[in-house]
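Trainee: Each chain is listed here by its residues.
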Amino acid sequence: MVICILASPIIVIRSFGASRPQAQEASNTAMTLLSKTITAFGSLLLAHACYSAREHTALQSIRAATAATLTSSSTAATSLPVDIIIETIISTFIILLGLVLGTRPLRPLEWRVWAGKIEREGEEGFTDNAGAVDKDYMGNPFSVLESRPNFVDIRKQRKEFAEWVQKGDGKQGQ
Amino acid sequence: MAQVPVQSIHRDPQLFYWILFPITIVMILTGVLRHYATVLMASAPKKQDQKATREQRSLLHGINVRGNHHVLSKPSFTARRDALITAYESGAYLKNPDSRGQPPPNPMSDPNAMEGMMGMMKNQMAMVIPNTLIMSWINAFFSGYVIMKLPFPLTIKFKSMLQAGVATRDMDPRWMSSISWYFLCIFGLQPVFNFLLGSDNAASQMAQQMNQMGPQGGAQMFGPGVDPNKQFLAEAENLAVIEHHSVLDGVEQRLLAGIKV
Amino acid sequence: MPSEQELQISPIVQESLVHNSRTLYNLQSLTASLFGVSAGILGLESYSGFVFYVALSLVTAVLFYALRVAPTSLASGKPPLDTSRYFRGAYDFWAGGLMNGFAGFVLTWTLFYGLVTA
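Protein chains in written order, with this note's numbering: chain A, 11 to 184; chain B, 683 to 943; chain C, 34 to 151.
Take the hints with a grain of salt, since some may be wrong.
[Said to hold, decoys possible] Here are the computed distance ranges between Cβ atoms for each label pair: (1) B:F877 x A:F161: 35 to 41 angstroms; (2) B:F877 x A:L54: 27 to 33 angstroms; (3) A:L69 x C:V84: 44 to 50 angstroms; (4) B:R851 x C:L91: 40 to 46 angstroms; (5) A:H58 x B:T837: 51 to 57 angstroms; (6) B:L715 x A:E129: 20 to 26 angstroms.
[Unchecked claim] Cut-off 20 angstroms, straight-line C-alpha distance, at most; resulting in silico cross-link-like pairs (SDA-like, lysine to any residue): (7) C:K111 x B:A939; (8) A:K127 x C:Y124; (9) B:K839 x B:T850; (10) B:K756 x B:K942; (11) B:K804 x B:Q913; (12) A:K127 x C:Y80; (13) B:K728 x B:K841; (14) B:K756 x C:L114; (15) A:K127 x C:I45; (16) B:K777 x B:Q913; (17) A:K127 x C:F135; (18) A:K46 x C:T56; (19) A:K127 x C:F85; (20) A:K127 x C:D125; (21) A:K127 x C:P44; (22) C:K111 x A:K46; (23) B:K839 x B:D854; (24) B:K942 x A:E129; (25) B:K804 x B:K942; (26) A:K127 x C:S79; (27) B:K729 x B:A719; (28) B:K841 x B:M853; (29) A:K127 x C:L131; (30) B:K912 x B:H926; (31) C:K111 x A:P115.
Hints in this document: simulated from the structure, not taken from any laboratory. Note that the Cβ used here is the ideal one computed from N, Cα and C, for glycine as well.
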């Protein structure tokens, strides 16, 4: 896990550099694994810090109780040890980094930028972190217009068909 | 300066296991259950007859023309506006043109309206019933003691709310009883539901909000007791006062300005 | 915030707007709960806790900008700290998290404060 954390800046930089669509998917899966690892590691640290703080206060209250019975001067409750504070803050930042890395990629807001992204990247531009295409991805909203049939002159086609049938009849009749 | 001594109350750690965690878990489970109950109880949209659909759609047509007039050219907008205004004012799209000018019927007597209100009632019930049940459950079992301390000070006014059932005059209002933990849960568990039920949960809420803002937000527009004739007349007036401009006005200048030589 | 005329000339995609704000909202509510946990563990009280929350929300916004918005936004020629490629209104982006996650923050803060300093 430590290696993973150490290697994280390299992967992050590499995934930002990857602009080719075929590299996008691989880097996306790497990103989701990375963010999950970071978050899990940070949660472990945070849980440890929480447990330590809990034990510390429990110990403190026992000591205060015994001190109160032994001597009249009660020791003031000291604050948390520095190492627990540092561990909490560092783990918070680690989880924060993991969560931010785990968010889904944003989509451009302006219509022309968005349409350009659709045309240039297609489905690869609208994947979530796991590399699957988003459920609400619909592609070009005007693709129906692009692929709809042109006007068909049905009368002309019928006439041509009738001529062809007549010709066939004529040939068979001969 | 006299330091106010910090009140400390020794509490049994078992309070957490037998009060705090049960309440939280029950709240989370109720939220999940409510989500699925609303999904199950959602009634399919009712079929409407042709006349009623035409009435609603033609009104929406007018609203959409008004909202998107800038993509139409001037002559085509004028043609649409004139046709719509004459149709609206003559009442050509009304469901029953005979009842123009009469007051709308009492919504209670209309069976269709009753059904729509039943749907709203069902949603309300799904919210209200679990909440009252849990609240009375907490009041019955867990009232009368203090379980924890808020990390921020409050004024004395909160005392009656936070320490319901604990009749102690000198206690700091930061100490809170189980019922106030319940209130905190109501407000603060939304991220948990987002996380558990997926973003679809938030999506549905957001989609509802979007719908209400957009022109398709139908419940109050076509609700019972609204006179469609009045709506049509108001819409005709809105259409008539539009000052038309097209997005293509001055497009040549914009294009030339956008080209960098 | 662009005017109505500009909005008609260069329209925005509603689905993208919903998608982006939902992504940001989910992140904000999750991180607010996380900040509550750490504030509770640290045993912060009253003002220091709220200051902690505000500061970390700003850090979240900056981090989100740096990792998610900046790479493409800067490449498309926007000035730094400009979020108009993905969000309408800078205020929602930078300070919206304060409102969105506040209830979750108070909940977890209270819970962990109670658990740790029992």
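Trainee: Between A:K127 and C:L131, is the straight-line Cα distance small enough, at 20 angstroms or below?
Mentor: Status violated; Cα separation ~32 angstroms.
Trainee: B:K912 and B:H926: Cα distance at most 20 angstroms?
Mentor: 24 angstroms, violated
Trainee: Run the distance test for C:K111 versus A:K46: straight-line Cα separation, threshold 20 angstroms.
Mentor: 31 angstroms, violated
Trainee: Given the hinted pair A:K127 and C:F135, is their alpha-carbon gap at most 20 angstroms?
Mentor: Given pair A:K127, C:F135 is violated - Cα atoms ~35 angstroms apart, limit 20 angstroms.
Trainee: Need the status of pair B:K942, A:E129: alpha-carbon distance at most 20 angstroms?
Mentor: Given pair B:K942, A:E129 is violated - Cα atoms ~24 angstroms apart, limit 20 angstroms.
Trainee: Is it true that the C-beta distance of A:H58 to B:T837 lies inside 51 to 57 angstroms, as the hint says?
Mentor: The hint (51 to 57 angstroms, Cβ to Cβ) is violated, given that A:H58 and B:T837 are roughly 37 angstroms apart.
Trainee: Is the Cα-Cα distance between A:K127 and C:Y80 20 angstroms or less?
Mentor: 46 angstroms, violated
Trainee: Holds or violated: B:K756 with B:K942, Cα cutoff 20 angstroms?
Mentor: Measuring from Cα to Cα gives roughly 31 angstroms; hence the hint is violated.
Trainee: Between B:R851 and C:L91, does the beta-carbon spacing fit 40 to 46 angstroms?
Mentor: 42 angstroms, holds
Trainee: Between B:K756 and C:L114, is the straight-line Cα distance small enough, at 20 angstroms or below?
Mentor: 41 angstroms, violated
Trainee: Taking the Cβ atom of B:F877 and the Cβ atom of A:L54, is their distance within the range 27 to 33 angstroms?
Mentor: Violated, at about 19 angstroms.
Trainee: Given the hint that B:K728 pairs with B:K841, does the C-alpha gap stay at or below 20 angstroms?
Mentor: Between B:K728 and B:K841 the Cα gap is close to 49 angstroms, so the pair fails against 20 angstroms, i.e. violated.
When held up to the earlier numbered hints, the structure conflicts with 1, 2, 3, 5, 6, 8, 10, 11, 12, 13, 14, 17, 19, 20, 22, 24, 25, 26, 27, 29 and 30 and fits the remainder.
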